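Engineer: Residue numbers (full-length UniProt numbering), protein chains in the order written: chain A, 1 to 359; chain B, 1 to 143.
Simulated from the structure, these hints should not be mistaken for laboratory data. Only a predicted model underlies this, so the values are computations on that prediction, with no experimental measurement involved. Incorrect hints may have been included.
Taking lysine-lysine and the DSSO-like style, the derived pairs with C-alpha atoms no more than 30 Å apart in a straight line are [to be verified]:
1. A:K178 / A:K269
2. A:K194 / A:K52
3. B:K128 / A:K47
4. A:K51 / B:K128
5. A:K274 / A:K47
6. A:K285 / A:K30
7. B:K141 / A:K47
8. A:K52 / A:K289
9. A:K51 / A:K285
10. A:K52 / B:K104
11. B:K128 / B:K141
12. A:K52 / A:K178
With the Cβ distance kept under 8 Å, some of the chain B side facing chain A (calculated, not the full set) [stated by the list, open to error]:
13. W9
14. D14
15. S17
16. G20
17. P31
18. S62
19. I63
20. V65
21. Y70
22. M73
23. C95
24. Y111
25. S121
26. I123
27. E134
28. K138
With beta-carbon atoms standing in for the labels, derived distance ranges [as the list claims (entries may be wrong)]:
29. A:D23 / B:A139: 51 to 59 Å
30. B:K6 / A:L340: 34 to 42 Å
31. A:D339 / B:E36: 30 to 38 Å
No residue lacks a Cβ here, since even glycine has one placed at the ideal position from N, Cα and C.
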Amino acid sequence: MGKRTVVPFGPQHPVLPEPIHLDLVLEDEKVIEAIPQIGYVHRGLEKLVDKKDFKQFTYVSERICGICSFMHGAGYCMSVESIMGIEVPERAVFLRTIWAELSRIHSHLLWLGLTADAFGFESLFMHTWRLREQVLDLFEQTTGGRLIFSVCDIGGVRKDITPEMLDKIVSVVTNMDKELRDVTSVFLNDSTVKHRTVGIGLLSKEKALELGAVGPMAKASGIRRDMRTQGYCAYKYLEFEPITAEEGDSYARMQVRIGEIFQAIDLIKQCIEKLPEGDIITKIKGNPKGEHFTRVEQPRGEALYYVKANGTKFLDRFRVRTPTFANVPALLEILKDCDLADVPILILTIDPCISCTER
Amino acid sequence: MSFNKKSPWILHYDATSCNGCDIEVLASLTPLYDVERFGVVNTGDPRHADILLITGSVNGQSIPVIKQLYEQMPDPKAVVAVGICATSGGIFADCYNVEGGVDKVLPVDVYVPGCAARPQSIIDGILKACDILEEKQKALKGR
Numbered sequence: 001m002g003k004r005t006v007v008p009f010g011p012q013h014p015v016l017p018e019p020i021h022l023d024l025v026l027e028d029e030k031v032i033e034a035i036p037q038i039g040y041v042h043r044g045l046e047k048l049v050d051k052k053d054f055k056q057f058t059y060v061s062e063r064i065c066g067i068c069s070f071m072h073g074a075g076y077c078m079s080v081e082s083i084m085g086i087e088v089p090e091r092a093v094f095l096r097t098i099w100a101e102l103s104r105i106h107s108h109l110l111w112l113g114l115t116a117d118a119f120g121f122e123s124l125f126m127h128t129w130r131l132r133e134q135v136l137d138l139f140e141q142t143t144g145g146r147l148i149f150s151v152c153d154i155g156g157v158r159k160d161i162t163p164e165m166l167d168k169i170v171s172v173v174t175n176m177d178k179e180l181r182d183v184t185s186v187f188l189n190d191s192t193v194k195h196r197t198v199g200i201g202l203l204s205k206e207k208a209l210e211l212g213a214v215g216p217m218a219k220a221s222g223i224r225r226d227m228r229t230q231g232y233c234a235y236k237y238l239e240f241e242p243i244t245a246e247e248g249d250s251y252a253r254m255q256v257r258i259g260e261i262f263q264a265i266d267l268i269k270q271c272i273e274k275l276p277e278g279d280i281i282t283k284i285k286g287n288p289k290g291e292h293f294t295r296v297e298q299p300r301g302e303a304l305y306y307v308k309a310n311g312t313k314f315l316d317r318f319r320v321r322t323p324t325f326a327n328v329p330a331l332l333e334i335l336k337d338c339d340l341a342d343v344p345i346l347i348l349t350i351d352p353c354i355s356c357t358e359r
Numbered sequence: 001m002s003f004n005k006k007s008p009w010i011l012h013y014d015a016t017s018c019n020g021c022d023i024e025v026l027a028s029l030t031p032l033y034d035v036e037r038f039g040v041v042n043t044g045d046p047r048h049a050d051i052l053l054i055t056g057s058v059n060g061q062s063i064p065v066i067k068q069l070y071e072q073m074p075d076p077k078a079v080v081a082v083g084i085c086a087t088s089g090g091i092f093a094d095c096y097n098v099e100g101g102v103d104k105v106l107p108v109d110v111y112v113p114g115c116a117a118r119p120q121s122i123i124d125g126i127l128k129a130c131d132i133l134e135e136k137q138k139a140l141k142g143r
């Protein structure tokens, strides 16, 4: 038995775009235990409900995280709409789904790039981010923003997409599909990539269930759980099957995420085909009173929004449970008995979003 | 000597950003914006860095970290505050755990506006910081 050493990892580390600190207890090269320390990004955003009214809070909720910004905004709006009993126009519901699925493509491409960077495959990182820019251009042309676009509002959406733009979205995602096949085939077939991911970070189905893993983390361990199957937004009109894998290693999680990119392209096409005509926003009157839970499937997994309102302009309580928070126990589990060299890949395999987690 | 201006190395740290500005900083390194054509290299080591890019406002736990990063950087050095949160706290200024902009802790040389700051403006901010580095370099020599 070797001597135990503690290696501090983070908060500032080349592989981490965001700060988190892990104390890695090592025995020779093996990690025995990982002790997390968080709080570097905590802002106290939930408490802002005291200072910003429920309409202004839409903008705050979009800034929980810059990657899945649209879905955070939509999740909050859906909760308030349910409390107030607002009927959202069908067209707005479909438009929300289009933007949500575009966000999924952009988020997964971002993750693929960061993962490629983590195992030192720089050119692959550049290629995935080059493709990602096409999605960001679509956001900019339809909403005016690249990452945070404030297009979702209580009662519907602020901006409509013109028929020409819809055609353009279809042509861009169809062209992207071909390029994506080339890039993702490197991720799935290259022997160096396989060497770093196959069999690394194994999470069994039982463990995933026990630790409450969500999103691709759970799906790659064979758990068929996807909040979109509940049929919020326009998902009840669309045909899709949650993508799962059985192996439960880093490679399987990559497979699931790549599968979800192509699924999102298909869902966008279905949405545009079925897009109804009509209004995009309902006027709201009065203040909300009551409480509601909303569950949304984000790129990283299930996010849960809780809103409690008391009939005044200011909400009583707003609470989010984000997917990364749910996946941290699973991360600590897969970090046990891994090599020190694999730690960056394993941290990235849960697709961490620290600013969501700490808010 | 203008080595710094020809090829400044940047260090990026997320103080309490929402990720929006962070990924725009990364996006400005990738092919479409390609800040590397100005010789800018992203580094993970503060001891190699010339320009410190900070996104997000500061909180109690991130203040010692950014102070330490700044102290570890060799002279001359410049600080760029990216995004409105790093400038003044932005939408989060009223939060109980937000102390305010980065200038509460470090001397900031360039403020980049935006929520999230666009890659074009981030590149502009880095290039402005290069000129400031040059001036600081001259001042150091004259001492």
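Engineer: Hint by hint, say whether it matches the structure.
Structural biologist: Verification of the hints:
Annotation: proposed proximity of K178 (chain A) to K269 (chain A) holds, straight-line Cα distance about 15 Å (limit 30 Å). The hinted pair formed by K194 (chain A) and K52 (chain A) fails the criterion: a straight-line CA distance of about 49 Å is larger than 30 Å. Pair hint K128 (chain B) plus K47 (chain A) does not hold up; C-alpha atoms about 37 Å apart against a cutoff of 30 Å. Only pairs whose Cα atoms come within 30 Å are accepted, and K51 (chain A) paired with K128 (chain B) is rejected, the gap being roughly 36 Å.
Distance check on the hinted pair: K274 (chain A) and K47 (chain A) sit about 40 Å apart at the alpha-carbon level, beyond 30 Å; violated. Using a Cα cut-off of 30 Å, the hinted pair K285 (chain A) and K30 (chain A) is violated, with the two alpha carbons roughly 60 Å apart. Straight-line distance between C-alpha atoms of K141 (chain B) and K47 (chain A) comes to about 50 Å, which puts the hinted pair past the 30 Å bound. Annotation: proposed proximity of K52 (chain A) to K289 (chain A) holds, straight-line Cα distance about 16 Å (limit 30 Å).
The straight-line distance between the Cα atoms of K51 (chain A) and K285 (chain A) is roughly 21 Å, inside the 30 Å bound, and the hint therefore holds. About 24 Å separates the Cα atoms of K52 (chain A) and K104 (chain B), which keeps this hinted pair within 30 Å; it holds. Between K128 (chain B) and K141 (chain B), the direct Cα distance comes to roughly 20 Å. Compliance with the 30 Å bound is thereby established for this hinted pair. Of the pairs offered as hints, the one joining K52 (chain A) and K178 (chain A) is violated, with about 45 Å between alpha carbons and a cut-off of 30 Å exceeded.
Nearest Cβ of chain A to the Cβ of W9 (chain B): about 12 Å, over the 8 Å cut. The hint is violated. At its closest, the beta carbon of D14 (chain B) sits 5 Å from a beta carbon of chain A; the interface hint therefore holds under the 8 Å criterion. This hint holds: S17 (chain B) has a C-beta 7 Å from the nearest C-beta of chain A, less than the 8 Å allowed. For G20 (chain B), the shortest C-beta to C-beta distance to chain A is roughly 3 Å, which falls under 8 Å, so the interface hint holds.
Checking P31 (chain B) against chain A by beta carbon gives a least distance of about 5 Å; that is within 8 Å, so the hint holds. Interface hint status for S62 (chain B): upheld, as the beta-carbon distance to the closest one in chain A is roughly 5 Å, under 8 Å. Against a cut-off of 8 Å between C-beta atoms, the interface hint on I63 (chain B) is violated, since the closest Cβ of chain A lies about 10 Å away. Hint on V65 (chain B) holds. Least Cβ distance to chain A is approximately 6 Å, under the 8 Å limit.
Because the smallest distance between the Cβ of Y70 (chain B) and any Cβ of chain A comes to about 12 Å, over 8 Å, the interface hint for this residue is violated. Hint status for M73 (chain B): violated, given a least beta-carbon distance of 12 Å to chain A, over 8 Å. With a least beta-carbon distance of about 4 Å to chain A, the hint placing C95 (chain B) at the interface is held under the 8 Å criterion. With 8 Å as the threshold, the beta carbon of Y111 (chain B) stays out of range of chain A, its nearest partner Cβ sitting at about 19 Å, so the hint is violated.
Restraint check, S121 (chain B) versus chain A: the minimum CB separation of about 12 Å is more than 8 Å; hint violated. For I123 (chain B), the suggested interface contact is broken, since its CB lies about 14 Å from the closest CB of chain A, more than 8 Å. Hint status for E134 (chain B) relative to chain A: violated, with the closest Cβ pair at about 26 Å, above 8 Å. Among the interface hints, the one on K138 (chain B) is violated; its C-beta lies about 30 Å from the nearest C-beta in chain A, farther than the 8 Å criterion.
Our hint of 51 to 59 Å for D23 (chain A) and A139 (chain B) is violated, since their Cβ atoms are close to 41 Å apart. The hinted range of 34 to 42 Å is satisfied by K6 (chain B) and L340 (chain A), whose Cβ atoms lie roughly 36 Å apart. At about 31 Å, the CB distance of D339 (chain A) to E36 (chain B) agrees with the hint of 30 to 38 Å.
Figure legend: structure checked against the earlier numbered hints; hints not met, in rising order: 2, 3, 4, 5, 6, 7, 12, 13, 19, 21, 22, 24, 25, 26, 27, 28 and 29.
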